[in-house]
Amino acid sequence: MTMPIDMFVLLFAQASFNSIVVALGIWAVLKLALRIRPGLAAQRAVWLLAQALAVAAFVLVLLPQTARFSVLNGFTFAAAPAGADALSTTVLAQADLAPELGGQEASGDAAGGRWIRALSYLWVLLYGAGLFHAVLRWRAARHELRGLLASASVLDAAALHRHPAFDDAQLRRLARCNLAVLETPAAISPMLIGILRPRLLLPRHLRDFDPQQQQMIVAHELTHWRRRDPWWLCASLLAQTALWFNPIMRKLGARLNWAQEISCDRLVLAGRPQPQRQQYAAALVLQLKLQSKLQQAVFRTPPRPTLAFGDACAETLGARVRLIRQNGSMRPSLLSQCAVAGALMAVAGASILLQPAFARPGDPTPAPTEAAGAVPGTAVAPALPAWRPPLAKMRVNSFFGVPRNGGTSTHGGIDLGAKIGTPILAPVDGTVIVSGDDGFEGNPNYGKVILIQHGNDLRSLYAHLDRRSVKAGDTVKAGQRIGTAGVSGAVSGPHLHFEVMHGGRRIDPERVLAGLDKYGTEAALRDRDRRISH
Amino acid sequence: MSIPSVSELSLLKVLWKEQPLSAREIHERAVAELAWSFSSTRKTLERMLEKQMVSQRTEHGVQVYAAAVDKVGTLAAFAHDFGQRVMELDAPLPIHMFTGSKLVDQQELAELEQMLRDWPDGKEKSS
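Here the protein sequences line up with chains A and B, keeping their order.
The opening residue of the first sequence carries number 25 in this note's numbering; numbering runs sequentially from there.
The opening residue of the second sequence carries number 34 in this note's numbering; numbering runs sequentially from there.
For the record, the hints were derived by calculation from the structure and aren't laboratory data.
Incorrect hints may appear among the rest.
[Stated by the list, open to error] Under the rule of at most 30 Å between Cα atoms (straight-line distance), these lysine-lysine pairs were calculated in the DSBU-like manner: (1) A:Lys-542 / A:Lys-501; (2) B:Lys-104 / A:Lys-313; (3) A:Lys-275 / A:Lys-55; (4) B:Lys-46 / A:Lys-317; (5) A:Lys-317 / A:Lys-275; (6) A:Lys-501 / A:Lys-443; (7) B:Lys-104 / A:Lys-317; (8) B:Lys-104 / B:Lys-84; (9) B:Lys-50 / B:Lys-84; (10) B:Lys-84 / A:Lys-317; (11) B:Lys-76 / B:Lys-50; (12) A:Lys-417 / A:Lys-495.
[Claimed, not checked] Estimated spans, in silico, between C-beta atoms of each pair: (13) A:Tyr-145 / B:Leu-149: 54 to 62 Å; (14) A:Cys-201 / B:Gln-85: 39 to 47 Å; (15) A:Pro-468 / B:Ser-72: 51 to 59 Å; (16) B:Lys-76 / A:Cys-201: 35 to 43 Å.
We treat Cβ as the ideally placed atom computed from N, Cα and C, and that holds for glycine.
Let's have the full structure, built from the sequences with the hints guiding it.
And the structure:
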């Protein structure tokens, strides 16, 4: 039961880390792109895509089966099966790298594994606390907003007709999209609130503005509504909340906000002459002044310094006013937009390909095994025939009988490092008695398995296969290809779990495969020697 | 003047429309907005009585309430208080503010006004 939880916790920590790495990569790419094409800053799609990819980088790692896309399986920690303190990390060395890298890969040991696990659990707790805090903040914010709305009165159709901020076209649009308009005595900024029950909240002082200014401000807010900006903003806020630990998400969110404001400014001002643009900018500044007064009036304190919300240097109001002054579109070409989108997706894709897949809990270790703790050579064992190796290139990542599950059980077979698709060869003649996709003896962790009956009352089992090329009842010859290694069942990276049974009991495969030691990785040999010394 | 809470304001708004009213009548008119029980309305009224936001007297053997604070002034104070808090909120809210979600200091304001003064006249483009 704890096994999947352990795995999930490790994956969750990895997913969190991955999303930060991807977001940083995306941020770097976007910074570069903005230098070449500053107009991208006003493209809402760019910032939405960036946030979506950061979320995807988080979710994809959590999904099963993505680990198989990783090209770095060789460097995985094989988080040993769960149990009290089981995380005897053995490093699954990759077949083609093993000879060159040798012992360098054996970086993990039991203590390191325990640390990783403990930190992962700590992280999940911390994440939950952060999420809880975000929910509390959101509730508090909603309360403030409710208060502000309670102070406002709804403008009915007659009142709207009298209000100078609305021209006939706008009134028709309001009626069509069921947008309620409210007016408050507070000197707030005109704002569009909510999604399901959208409301346009206007300050009463807006009536003192020039009618053309009023109309342009209302047009700005209605443009947000027409472009479905509130929906996108809401999606962005949800993503920011889910990935609250990712500082880049907040930066991207601020950029999205900025892009939305700039775009609406532009749409409202399209084709308008400079004096009207100046009027618009003046309305913005006047509004800011009134807000600044509001701050001082209520608390009698000077306005607090500008909070570093997002990238202060790029998103100053000065920059916005300069953009308002600029006549003409800065819309980047479709080509450059596609190039940026491609680069962002490449960053996210690379993170999936390069993810350091934490190993899934090791191989199933059902009892009974013949030699729990038995030392080869000390037990008097009948002589058995010599088999040929089941893989052309042998590498033992984990030996038979090493403790698993925190010492409550032992490894019932051996793990042979093999990339997905490595052919598996029958070690000796026999008859296939099981060939299935649903594990072995009711244990789904085995994944796809083949069980072969040989002479001398011996059986051999192959687990976590990618493909099976024989079916039950088939006769196989020594050296015949029976399937390929893979990652089915509970595994971290691709390997072949190989068991040998004699008279119904699991025995050390070394008894039919002589000289396994020379194929053992350093970590595997160390674990095995520890077993012997116990 | 003490600024009412959101629920206190809801009750005051009922009274500003029509008064005096009994506690039951106030509750009936405010229940849609507050979505709470009669006893909550009564407790709130008691608290408002202590804060001198409402007055109470007996009419035909029934206790009735009237607003003791001025509508315009109270609403303005309330609105300013919440308006200020919403504008300063850095918590994420699905809101599009015309001025953006940033606070501005005096120096920035001065710079913006300078930009307005230096605006190009754009005579060649104006209609």
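Right, here's what the structure says about each hint:
For the proposed pair Lys-542 of chain A and Lys-501 of chain A, the alpha carbon gap of about 26 Å is at most 30 Å, so the pair holds. Restraint check: the Cα-Cα separation between Lys-104 of chain B and Lys-313 of chain A comes to about 26 Å, which is no more than 30 Å; the hinted pair holds. A C-alpha spacing of about 12 Å is found between Lys-275 of chain A and Lys-55 of chain A, which places the hinted pair at or below 30 Å, so the restraint holds. Our distance criterion of 30 Å between C-alpha atoms is met by Lys-46 of chain B and Lys-317 of chain A, whose separation comes to about 27 Å.
Proximity of Lys-317 of chain A to Lys-275 of chain A is assessed by CA-CA distance (about 28 Å); at most 30 Å being required, the pair is judged to hold. Using a Cα cut-off of 30 Å, the hinted pair Lys-501 of chain A and Lys-443 of chain A holds, with the two alpha carbons roughly 24 Å apart. Only pairs whose Cα atoms come within 30 Å are accepted, and Lys-104 of chain B paired with Lys-317 of chain A is accepted, the gap being roughly 23 Å. Distance restraint check for Lys-104 of chain B and Lys-84 of chain B: the Cα-Cα separation of roughly 16 Å lies within the 30 Å cut-off, and the hinted pair is therefore satisfied.
As the CA atoms of Lys-50 of chain B and Lys-84 of chain B are separated by approximately 21 Å, the hinted pair is consistent with the 30 Å bound. Distance hint between Lys-84 of chain B and Lys-317 of chain A is fulfilled; the C-alpha atoms sit about 28 Å from each other, no more than 30 Å. Between Lys-76 of chain B and Lys-50 of chain B the alpha-carbon distance is near 21 Å, which keeps this suggested pair within the 30 Å criterion. About 25 Å separates the Cα atoms of Lys-417 of chain A and Lys-495 of chain A, which keeps this hinted pair within 30 Å; it holds.
Tyr-145 of chain A and Leu-149 of chain B have their C-beta atoms about 57 Å apart, which keeps the hinted 54 to 62 Å range intact. Between Cys-201 of chain A and Gln-85 of chain B the Cβ separation comes to about 44 Å, which falls inside the hinted range of 39 to 47 Å. For Pro-468 of chain A and Ser-72 of chain B, the Cβ-Cβ distance of about 56 Å falls inside the hinted range of 51 to 59 Å, so the restraint holds. A hinted range of 35 to 43 Å for the beta carbons of Lys-76 of chain B and Cys-201 of chain A is consistent with their spacing of about 40 Å.
Hint compliance for this structure: every hint is met.
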